[in-house]
Amino acid sequence: MAATRALPGSPRNIDRNSFSYRLRKQWPNYLFVLPHLVIFAVFLAWPILSSLRISLYDWKIMLPPDKQNFIGLQNFIALWKDNIWAKTLNVTIRFTIMTMLLNISFALMVSVALKQNFFGRSFFRTAFFAGSVLSVSAAAIIAGRVWDPQRGILNYFLVDVFNLPRIQWLGWPTTVLPTLSITTVWWTFGFPMLAFLTALLNIPESIYEAAKIDGAGPRETFFKITLPLITPTMLFVVSSQFIAHMQMFGQSYALTGGGPGNESRTVWIYMFDTAWKFFRIGYGSAMAVMLALIMLIGTRIFFFLFRSRFEY
Amino acid sequence: MAESALPALAPTRRFRFSTQTLILWLLLLPVVIVLAAPVWYMIAKAFTPEANQYKFPIVWTPDPFTMRNFEIILGDRALPIFRWMLNSAVVTSIGTLLVLLVSASSAYAFARLEFPGRDAIFSVLVISLLIPGVLQVIPSFLLMRDLGKIWSDLGLDKNPITGGAVLKFGLDGYPALWLPGMAGAGAIFFLRQQFYSLPKELEDAAIVDGAGRFRVFWQVAMPLVKTALVSIGISTALGFWNELFWALIILSSREAITLPVGLLVLTQSGYVQRGLAFSGAFIATVPPIIVYAIFQRQIIQGMTTAGLAGR
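Same order as they appear, the protein sequences are chains A and B.
Residue numbers for the first sequence follow the working numbering, so the first one is 1 and each next one is one higher.
Residue numbers for the second sequence follow the working numbering, so the first one is 1 and each next one is one higher.
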């Protein structure tokens, strides 16, 4: 457009692609992005970068930044020797794997059922997603009553109705993580379910008809056609689930406080205690950096796995 | 005639009763009942007197119906639950508007306008989407604390307007809850695609008619992406309404806390009355459920297309 407006025989040959020319002509456009960019720089980019820096200091909460004591990698060395850190990392990873597997398989099953065109479909779609609008505090209040060892709904059925032994769902080291995992699935599976449902509805029906003509059974159709076709969504769901559950905080904080012992204490809770209860800011930042690093490696692996398996 | 010759291609929304429908109902209904039973139990017990909270065998209806729990909760000055709800409403509504305004204008510029460094800036924003939130919480907290110090050094916290939670920077102020949300690039990423897929002719026509860049954005492009704005707005609002960790760290005064933090107060610190916790949970759950019922389609659309499905 600009080229057509240029007068023929203009005195100087202006380079319209030069930086200074573009800056002069286009600077008002910066006003559109400026509000966000300023906030982004101050409240996101800067905190992320300074997290890396703080993790190298014995950071005292009351001192100004220039008075802080630089200690190099000592926080990370201490982390390496810290048994509680190893425990919380172990808890976090076990919780993440368990919840991801449960959440994704359950969400996939429900979305395959809800993909069908049947009477009452929209009722079920609404009902299955409704739990996801609860806040974690409300979900924990409700779940607390389900798992309560003496007066809980579940133990009522187990002990009083079916005469089975009483289970300390949140009180035993062996049951606490699976219990929190099931709670999380109950509360959050609506998100992966919707993602799968959208992907499934985008698969053209003609592919299934072709498969039927070729004599493919339902199982073959699911594993050979449906799953490969929803690979991009699967990658998205797997990585977002991974990121969400590796940063689990609320469920443990509200339901168990990390107990019994440290059996449900996630990295995020340990970081919260370290930084906000014991004011060891540098050490807490080192935890944050390590967790972020592990998560970046994890997502990288998922990307690699899913890309190499389904190349078109 | 032509239509009836091709029945398979004609999209029909009428459902036929079939064995498949029956099987699906038999499979799905028990699952829904199991998933919904705890929520129903919470509602029933919110209206049940404290003495009957633990009655066995379990009674699944209010037993007998009472508003006593709500009266206790609303009468207790240490538990200003309506105040918390109001706080949550303020945090959610203003926060969502701010996120939408800042993100939409930025997204429009990245989709339609040209300026030096545009693509480089955008790729920085995309990279920021990949960095886990755990990295920013500690420095953000220190930053908010320092901002609060500046705020009080300037004497702004004594002023009834700038010292109230809505305008107060620093701890116990809501800008500290909004700013990290506004800094995120997720909404920009999503809205940019929406602006990008609009037909350019409408905007070109407006430019020919002499509209400035901002008017084109505000009066032509914005109305066209209304659905996307509603979708992303709802998921943003849900995030603000349910935020626990960050609110727990930033807000400490009983007057300023939001509902998710307040609900924890109900369950901890000596308030072990189950009926109170349930009526609190009930009060906290009603607004999102109503919003969900009204905007169901947009929510589902927003959740799936906005790529915010992680939690």
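Some clues are possibly wrong.
Calculated cross-link-like contacts (lysine-lysine; reagent style BS3-like; alpha-carbon spacing at most 25 Å) [said to hold, decoys possible]:
no., chain 1, residue 1, chain 2, residue 2
1, A, K60, B, K200
2, A, K212, A, K224
3, A, K81, A, K277
4, B, K149, A, K277
5, B, K200, A, K25
6, A, K67, A, K212
7, B, K200, B, K226
8, B, K200, A, K67
9, A, K212, A, K115
10, A, K224, A, K115
11, A, K81, A, K115
12, A, K277, A, K60
Computed from the model, here is a short list of chain B residues facing chain A with C-beta under 10 Å [to be verified]:
no., residue
13, F70
14, I72
15, G75
16, L135
17, W151
18, L179
19, D209
20, G210
21, G212
22, V230
23, G233
I should point out that these hints are in silico values taken from the structure, not numbers from a laboratory.
Bear in mind that the values here come from a model prediction, so they are computed numbers and not experimental data.
Glycine included, C-beta positions come from ideal geometry on N, C-alpha and C.
Each hint, compared with the structure:
Our distance criterion of 25 Å between C-alpha atoms is broken by A:K60 and B:K200, whose separation comes to about 55 Å. Annotation: proposed proximity of A:K212 to A:K224 holds, straight-line Cα distance about 12 Å (limit 25 Å). A threshold of 25 Å between alpha carbons decides the hint, and for A:K81 with A:K277 the separation of about 21 Å falls inside it, so the pair holds. With a CA separation close to 21 Å, the supplied pair B:K149 and A:K277 stays within the 25 Å bound.
As the CA atoms of B:K200 and A:K25 are separated by approximately 21 Å, the hinted pair is consistent with the 25 Å bound. For the hint pairing A:K67 with A:K212, the CA-to-CA distance comes to about 72 Å; that exceeds 25 Å, so the pair is violated. Straight-line distance between C-alpha atoms of B:K200 and B:K226 comes to about 17 Å, which keeps the hinted pair within the 25 Å bound. At roughly 55 Å between alpha-carbon atoms, B:K200 and A:K67 are farther apart than 25 Å, so this suggested pair is violated.
About 17 Å separates the Cα atoms of A:K212 and A:K115, which keeps this hinted pair within 25 Å; it holds. Distance check on the hinted pair: A:K224 and A:K115 sit about 18 Å apart at the alpha-carbon level, within 25 Å; holds. Only pairs whose Cα atoms come within 25 Å are accepted, and A:K81 paired with A:K115 is rejected, the gap being roughly 50 Å. Between the alpha carbons of A:K277 and A:K60 the distance comes to roughly 13 Å, so the proposed pair stays at or under 25 Å and holds.
The beta carbon of B:F70 comes no nearer than 15 Å to any beta carbon in chain A, farther than 10 Å, and the hint placing it at the interface is violated. Given the 10 Å rule on beta carbons, the hint for B:I72 is violated: about 16 Å separates it from the nearest Cβ of chain A. Interface restraint check for B:G75: the shortest CB-CB distance to chain A comes to about 20 Å, outside 10 Å, so the restraint is violated. About 5 Å separates the beta-carbon of B:L135 from the nearest beta-carbon of chain A, less than 10 Å, and the hint is met.
The interface hint given for B:W151 is violated, since its Cβ lies 15 Å from the closest Cβ of chain A, which is over the 10 Å cut-off. Checking B:L179 against chain A: minimum C-beta separation of about 5 Å stays under 10 Å; hint holds. Taking 10 Å as the C-beta contact cut-off toward chain A, the hint placing B:D209 at the interface is violated, the least distance being around 15 Å. This hint is violated: B:G210 has a C-beta 15 Å from the nearest C-beta of chain A, more than the 10 Å allowed.
For B:G212, the shortest C-beta to C-beta distance to chain A is roughly 9 Å, which falls under 10 Å, so the interface hint holds. Interface restraint check: B:V230 against chain A, minimum CB-CB distance 16 Å, threshold 10 Å, status violated. Annotation: interface hint on B:G233 violated; nearest CB of chain A at approximately 15 Å, more than 10 Å.
Figure legend: structure checked against the earlier numbered hints; hints not met, in rising order: 1, 6, 8, 11, 13, 14, 15, 17, 19, 20, 22 and 23.
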